[in-house]
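Construct all of the structure, not just a fragment, from the sequences and the given hints.
Residue numbers (numbering that gives the first Met the number 0), protein chains in the order written: chain A, 0 to 463; chain B, 0 to 484.
Please note that the accuracy of each hint is not assured.
If you anchor each label on the Cβ, the simulated ranges turn out as follows [what the hints assert, rightly or not]:
| # | chain 1 | residue 1 | chain 2 | residue 2 | range |
| --- | --- | --- | --- | --- | --- |
| 1 | B | T160 | A | S440 | 20 to 26 Å |
| 2 | A | L429 | B | E194 | 43 to 49 Å |
| 3 | B | E150 | A | A422 | 39 to 45 Å |
| 4 | A | R344 | B | F94 | 39 to 45 Å |
| 5 | A | L429 | B | P434 | 45 to 51 Å |
| 6 | A | R37 | B | V21 | 55 to 61 Å |
| 7 | A | F460 | B | A443 | 45 to 51 Å |
| 8 | B | R356 | A | P376 | 55 to 61 Å |
What the hints contain is simulated information worked out from the structure, not anything from laboratory work. Virtual Cβ for every residue (Gly too), placed ideally from N, Cα, C.
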Amino acid sequence: MTMTRPDNLSLTMIALALVMTGASSLFAGSRDKEGSRRDLVPLWLFCLFACLTALASTWLSFIIGLELSTLSLFTIIRKGDEATSRLYLLAQLAGASVLLFATSLGSSFEGNLPLGPVPPGLFPLFVIGLGVKAALPGLHFWLPRTHSQAPTEASALLSGYAVKMGIYGLLRLVGDPSPPLLLLGIVMALYGVVQALLQHDAKRLLAYHTISQLGFIVAALSTGTPLGRTAALFHIVAHALFKGLLFLSAGSLERLYGSRDLNGLGRAGRDAPLLFGLFLVGASAIAGCPFTSGYVSKIVIKSALTDQGQAVLGLQLAGLGTTLSFCKFGYYGFWKSSGDRPEPRGFLGRQAYGAMALLAAATALVGAGPLLYPLLPLPEGTLLAPKALVDATIPVIAGIVLFALFPGLFRPRHKDVADVENALAPLGRLLLFPLTLLRLSHTGRLRAYIALIVAALIAIFHSL
Amino acid sequence: MNPVLAIVAPFLAAFTIPLFFVFRKKWVGTAVILFGVLSALTALFVAAGGEAVTVMGGWQPEVGIALVVDSLTTAFLILASLGFSASLSAAAETFGYGPWRFYVLFFLSWAATNGIILTGDLFNLFVFFEIFSVAAYLVVAYPPRSWQAIEAGFKYLIFGTVGALFLLIGIAYAFMATGQLNMAILARVLPRAPEATLSVVIGCLVVGLFIKSGTVPGHFWLPDAHSSAQTPVSALLSGVFVKVSLYALIRLAFLLFGSADDRVFFVLLLFGTVTLCLGHLMAFQQEDIKRLLAYSTVAQVGTIVIAIGCASSGGVTAAVYHAFNHMAAKMGLFLVSGVLAEDRASRDIAQMGGLFRHRPLFVLAFCLFAASIAGIPPLNGFMSKWFLLVAAAERGALIPAAAVVAGTVLSAAYYLRPITAFFGPAETEPPHHRPHPVTGAIVALLALLCLVLALAPYIGPLKEGLLAVGRDTVNGARYIERVLR
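Set out below in structure tokens:
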């Protein structure tokens with residue numbers, strides 16, 4: 000692997016990897032005493048490979064790091080669900096293979112393709128390859144299932160860091176403004192929210208919000224401007240922290256009540272008020288309430304997209320949906336108490352709270368930092384300007400009001416909603432059909448085989 | 000060292016082992032081991048001796064049989080000695096020294112393999128191919144107890160004979176057209192032959208080698224032979240035997256075909272791609288672990304044929320590098336799965352549950368080898384795949400390159416099945432547990448070899464050697480000049 004002298008982007012990614020893995024391993028370590036040490040090895044291996052990926056200077060070494068980190072996460076997801084982990088591994092391998100193919104087209108024996116913008120002909124292939132990791136629309140088929148079925152610490156890492164590696168690749172890839180990518184970003188932001196509103200599994204809901212929030216990032220980085228890239232990077236960090244926190248709190252609910260289904264929850268606000276508080280920190284950040292990290296990053300993203308009015312409108316709508324969806328999560332997950340809800344069965348240790356507190360503190364820090372120090376390349380006072388505050392407050396207020404007016408509309412359903420992943424099994428059967436024919440053609444008849452060989456010989460004569 | 004010694008040493012073993020059996024039964028085991036060491040060392044010394052050309056009996060190259068050592072020969076001599084030594088050690092543990100006939104056949108095929116690699120004469124190549132094939136048919140059917148093995152050997156015999164027939168026709172036409180059999184001279188005069196003759200010669204030789212190497216549509220014998228043979232033999236078949244035919248393909252493609260016609264490389268690319276796809280798709284559907292490995296071998300043969308079809312020094316480098324990687328990983332896979340299948344007394348993947356707790360190291364080695372074959376970075380299979388992809392991109396062969404990367408995903412999918420089974424729960428405890436110290440040691444060495452090969456692009460001399468193989472092989476004029484000096 001070829002390394003480079005790290006720039007700010009790489010250093011930020013490395014710091015993020017360390018924080019996310021630290022929080023995840025704290026949470027994982029609190030689960031059971033015996034054997035937990037050994038469970039932590041793949042987590043930290045993931046962290047190592049993630050750091051190597053962030054340091055790569057060529058696309059080849061980037062791919063090597065990417066695949067190694069995929070493998071280490073695969074070993075963690077296996078503990079959650081075997082079939083899901085296989086889907087995850089194969090999807091990621093397919094993405095990395097497209098990326099490898101594209102990289103080989105741009106490389107030669109003299110030199111590898113350096114990490115950065117690529118020739119325009121290869122750009123679509125790179126977007127597809129990275130898009131599997133970054134869950135671009137249609138290529139996101141692995142994400143909801145993997146995020147919801149994986150052990151919680153893996154979900155947090157997946158949403159917090161693994162998908163960001165694809166985004167990091169896109170950040171390195173995009174040098175010029177790319178309108179198709181902007182469109183994809185908006186579609187992701189809206190699609191993720193709409194799907195999230197229809198979910199009843201807490202972790203699946205969060206997974207769709209990951210897609211939605213990645214849409215914000217993709218839209219920001221598609222501008223190719225320094226401000227857009229800064230906005231994307233800032234939202235990468237902000238989203239990783241608050242989404243990690245939200246996944247850990249959803250995992251805590253599962254640990255306490257043995258279920259992630261919003262239909263069966265609703266007393267955690269009283270049983271574990273601290274957990275509810277931590278959840279509120281994450282939820283307010285993802286909804287973009289003023290003075291949170293989500294608020295800051297959305298302002299930066301919007302100022303990067305000032306000349307794209309419709310895009311901003313789309314993102315506002317996605318913001319409204321996010322608020323609605325987290326009202327639903329908060330209400331049905333923590334607050335809608337009625338006597339028939341089951342008692343908590345599990346127990347949350349100090350380590351689990353520590354992990355969530357770590358992420359909550361980091362979220363608060365990331366939100367407060369730019370308000371106190373001019374870290375971001377914005378005109379002074381933008382973050383505290385009344386217009387910005389009003390802009391940010393409108394979707395939040397509107398969301399809460401809508402939720403209060405029409406609670407029945409957002410009640411968690413009992414049915415699952417179809418997505419691209421439901422097409423995988425029929426598609427697989429369709430593809431397997433010709434395979435059966437291929438197998439049946441191996442009949443064991445020597446005469447047929449030799450006839451085939453002679454046919455090939457004649458074809459070769461003909462072509463020479 | 001005279002290159003002929005590398006052929007003589009295993010022949011000597013093949014002819015004296017029966018004598019030992021008749022006169023000194025107790026010494027057979029010692030003799031087998033000593034001859035194995037001797038043969039491997041001779042081949043390695045010949046390889047280490049650097050470039051050399053010897054014409055047997057002091058004749059001129061036009062009449063005598065030339066033995067040529069160049070960088071391609073060196074690479075394949077090393078590959079063959081590693082593969083044969085590993086297989087011999089495993090066979091000694093599996094069979095013991097009682098079945099002396101097996102060792103006779105084993106050393107015969109070794110001698111013929113070295114002969115194919117060393118010879119510079121087209122008819123001599125055919126003769127060695129025949130010795131090699133006859134030994135291989137019998138080795139596959141050994142021990143002649145199970146009817147599947149006999150059937151597989153018979154199938155192999157039929158296909159091998161058809162392949163040999165095509166080879167012979169091609170060689171005969173070449174001889175009739177030019178009056179020459181020395182490959183260096185043929186490389187000079189063959190392009191002057193009429194075009195129709197040329198296409199018949201090349202077509203026959205290519206199809207003959209396709210059948211011998213297991214390229215589609217000559218692959219039908221391969222899964223049967225690989226899966227029905229005894230474990231050390233399967234490892235040898237996959238590790239060395241198919242590579243020998245691919246060596247001949249590389250040699251002839253660049254010496255005889257390339258100067259005459261560039262279209263033959265298109266044929267190689269086409270058939271390589273078909274082979275790759277068919278191998279992966281068929282492996283995907285297997286329930287028998289050794290058949291799965293065998294079809295995976297078909298796919299890897301396709302990969303190497305694609306690499307040859309790139310018609311560049313980079314392509315040959317990739318082909319040779321991949322041949323080494325596949326040898327190391329696939330021999331390991333066959334040895335491990337042989338041991339595990341013996342423990343379960345079944346080759347059915349569904350029956351392979353709970354073997355991780357039973358033999359953790361073997362299963363971990365299986366994972367390493369499988370990841371290497373599938374091309375998971377940063378293992379050796381990934382590195383050679385990368386070389387191949389770059390060579391294909393330089394040639395502009397996009398579809399074969401896309402097939403190669405798609406093959407990664409497919410092979411990961413089908414290798415995950417046995418691995419999942421190994422780590423999964425078991426319904427019953429494995430009934431057998433025979434210790435396999437020698438096989439274990441060989442598997443460990445092969446795993447080490449995989450790791451070393453993975454580092455090869457970063458080790459100066461190894462990388463330089465690999466690139467030199469490509470450069471020298473593509474440069475047919477250099478070969479001709481050295482032989483006819």
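Here's how the hints hold up against the structure:
Between T160 (chain B) and S440 (chain A) the Cβ separation comes to about 23 Å, which falls inside the hinted range of 20 to 26 Å. The given range of 43 to 49 Å is respected by L429 (chain A) and E194 (chain B), whose C-beta atoms sit roughly 45 Å from each other. Taken as a hint, the range 39 to 45 Å holds for the pair E150 (chain B) and A422 (chain A), whose Cβ atoms sit roughly 43 Å apart. Restraint check, R344 (chain A) to F94 (chain B): a C-beta distance of roughly 59 Å breaks the suggested window 39 to 45 Å.
Our hint of 45 to 51 Å for L429 (chain A) and P434 (chain B) holds, since their Cβ atoms are close to 48 Å apart. About 58 Å separates the C-beta atoms of R37 (chain A) and V21 (chain B), a value consistent with the hinted range of 55 to 61 Å. A hinted range of 45 to 51 Å for the beta carbons of F460 (chain A) and A443 (chain B) is consistent with their spacing of about 48 Å. Range check, R356 (chain B) to P376 (chain A): about 57 Å between beta-carbon atoms, so the 55 to 61 Å window is met.
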